[in-house]
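*Asks:* Listed below, chain by chain, are the residues.
Number of protein chains: 2
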Amino acid sequence: MNETARIGRKHPRRIPARQGIAAEMVAGQTATILNTHGKQVVDTWAFNAADMSEVMSMEHSRTAMLKIAPQVGDTFVTNRRRAILTLVADTTPGVHDTLIAACDTYRYRDLGAGADHANCTNNLHAALAAIGRKAAEVPSPLNLFMNVPVGADGTLEFRPPTSEAGQYVSFRAEMDLVIVFSACPQDVTSVNGMEPTDAHFLID
Amino acid sequence: MNETARIGRKHPRRIPARQGIAAEMVAGQTATILNTHGKQVVDTWAFNAADMSEVMSMEHSRTAMLKIAPQVGDTFVTNRRRAILTLVADTTPGVHDTLIAACDTYRYRDLGAGADHANCTNNLHAALAAIGRKAAEVPSPLNLFMNVPVGADGTLEFRPPTSEAGQYVSFRAEMDLVIVFSACPQDVTSVNGMEPTDAHFLID
Numbered sequence: 001m002n003e004t005a006r007i008g009r010k011h012p013r014r015i016p017a018r019q020g021i022a023a024e025m026v027a028g029q030t031a032t033i034l035n036t037h038g039k040q041v042v043d044t045w046a047f048n049a050a051d052m053s054e055v056m057s058m059e060h061s062r063t064a065m066l067k068i069a070p071q072v073g074d075t076f077v078t079n080r081r082r083a084i085l086t087l088v089a090d091t092t093p094g095v096h097d098t099l100i101a102a103c104d105t106y107r108y109r110d111l112g113a114g115a116d117h118a119n120c121t122n123n124l125h126a127a128l129a130a131i132g133r134k135a136a137e138v139p140s141p142l143n144l145f146m147n148v149p150v151g152a153d154g155t156l157e158f159r160p161p162t163s164e165a166g167q168y169v170s171f172r173a174e175m176d177l178v179i180v181f182s183a184c185p186q187d188v189t190s191v192n193g194m195e196p197t198d199a200h201f202l203i204d
Numbered sequence: 001m002n003e004t005a006r007i008g009r010k011h012p013r014r015i016p017a018r019q020g021i022a023a024e025m026v027a028g029q030t031a032t033i034l035n036t037h038g039k040q041v042v043d044t045w046a047f048n049a050a051d052m053s054e055v056m057s058m059e060h061s062r063t064a065m066l067k068i069a070p071q072v073g074d075t076f077v078t079n080r081r082r083a084i085l086t087l088v089a090d091t092t093p094g095v096h097d098t099l100i101a102a103c104d105t106y107r108y109r110d111l112g113a114g115a116d117h118a119n120c121t122n123n124l125h126a127a128l129a130a131i132g133r134k135a136a137e138v139p140s141p142l143n144l145f146m147n148v149p150v151g152a153d154g155t156l157e158f159r160p161p162t163s164e165a166g167q168y169v170s171f172r173a174e175m176d177l178v179i180v181f182s183a184c185p186q187d188v189t190s191v192n193g194m195e196p197t198d199a200h201f202l203i204d
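Line by line, the protein sequences are chains Y and F. Mapping of the first sequence onto UniProt numbering: position 80 corresponds to residue 80, and the numbering continues sequentially without gaps. Mapping of the second sequence onto UniProt numbering: position 82 corresponds to residue 82, and the numbering continues sequentially without gaps.
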């Protein structure tokens, strides 16, 4: 049985379009995030389960990895420079983003979409509240499948994901942690191919 | 009288080598940061003076600027996507960093330099405490003069600054704010040319 078939048999949980969901992981478990329809960005955060002030940090992880985006084998670290998640599989072309903030009320106001537009920052807070957790801050997210190429002159551009339906990434938990996913509701720029959809995840 | 002479006559304040310093700015004032000896990185943070939970955010600023580093005319924004600092002058070659976390106790422990090594994170807290202020979190800093080129393959490299003695950058305050500078004490990697030195700043 190949890996995709294995995942299919395990009944992944749904990350509903435009919404967030949080889950607990024990060290050594694997989280697999499926880009079910291919073009959905999934904002991802991780917190030390024993101390929510210790957070997966993009700026500390870039320093540790000496890369702007992870490749299989790379480990994300916390704001205390401890290993938290290792990328152990990636069936996509490997395009993910660590540079861009989670969308929020202010972003959609600025884009003219109205301040009541669903957003990843509110999704983070709601998803944590649903499992009785709370974040002290909103860390810069790991934007799975998000395609923001850096030009030779340092300019950034928002483009649709390069991933295809059913492709996935898997992370090993390096500590007991809380992981949060938000199926990004961005429908003003092309980061989700203009059509926010469900995604799925599996912890095993 | 040229600009450098003007700054020289105004008696800039010292940012002592390996230390931090904080100052208040009123909207419309200009902060000029001089790389006195040429190769010193200055980690820089800004906070809304009326609400220290509103912070200059590198991840929100990259989204707003669509660049990984600022050029003259670019405006940094807060975690509420409001303008906070605009780069109005830059006599250096324009190489600054927004990707790398401030150094901290954990960084020097990992580098084998000992956990009691001076670091920019502790400098931030100490500098704010010295003016009766407190940060709820440690935002990702604006690393002035820091040279961390992004390769075509997304890899990062730590190199010495490209700036020369006496070169400077100037920022206009877009709101009443608290600004904090740390003359980075990093002497294990080459980011400060291996020799941390004083820098200077002027607010007028």
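None of these hints come from the bench; they were simulated from the model. Glycine residues also receive a C-beta, built at the ideal position from the N, C-alpha and C atoms. Misleading hints may appear alongside valid ones.
Below are the BS3-like pairs computed for lysine-lysine, each with C-alpha atoms no more than 30 angstroms apart in a straight line [unchecked claim]:
no., chain 1, residue 1, chain 2, residue 2
1, Y, 134, Y, 10
2, F, 10, Y, 134
3, F, 67, Y, 67
Some residues of chain F that are not near chain Y, with every Cβ distance over 10 angstroms (derived) [what the hints assert, rightly or not]:
no., residue
4, 12
5, 23
6, 195
*Asks:* Work down the list of hints and note, for each, if the structure agrees.
*Replies:* Verification of the supplied hints:
Pair hint residue 134 of chain Y plus residue 10 of chain Y holds up; C-alpha atoms about 29 angstroms apart against a cutoff of 30 angstroms. Taking the CA atoms of residue 10 of chain F and residue 134 of chain Y, the gap is about 48 angstroms. The hint is violated against a cut of 30 angstroms. Taking the CA atoms of residue 67 of chain F and residue 67 of chain Y, the gap is about 17 angstroms. The hint holds against a cut of 30 angstroms. Non-interface status of residue 12 of chain F relative to chain Y is upheld: no Cβ of that chain comes within 10 angstroms, the nearest being about 29 angstroms off.
Chain Y leaves residue 23 of chain F outside its interface by the beta-carbon criterion, the shortest separation being 24 angstroms against a cut-off of 10 angstroms. The Cβ of residue 195 of chain F lies farther than 10 angstroms from every Cβ of chain Y, with a closest approach of about 21 angstroms, so its non-interface assignment holds.
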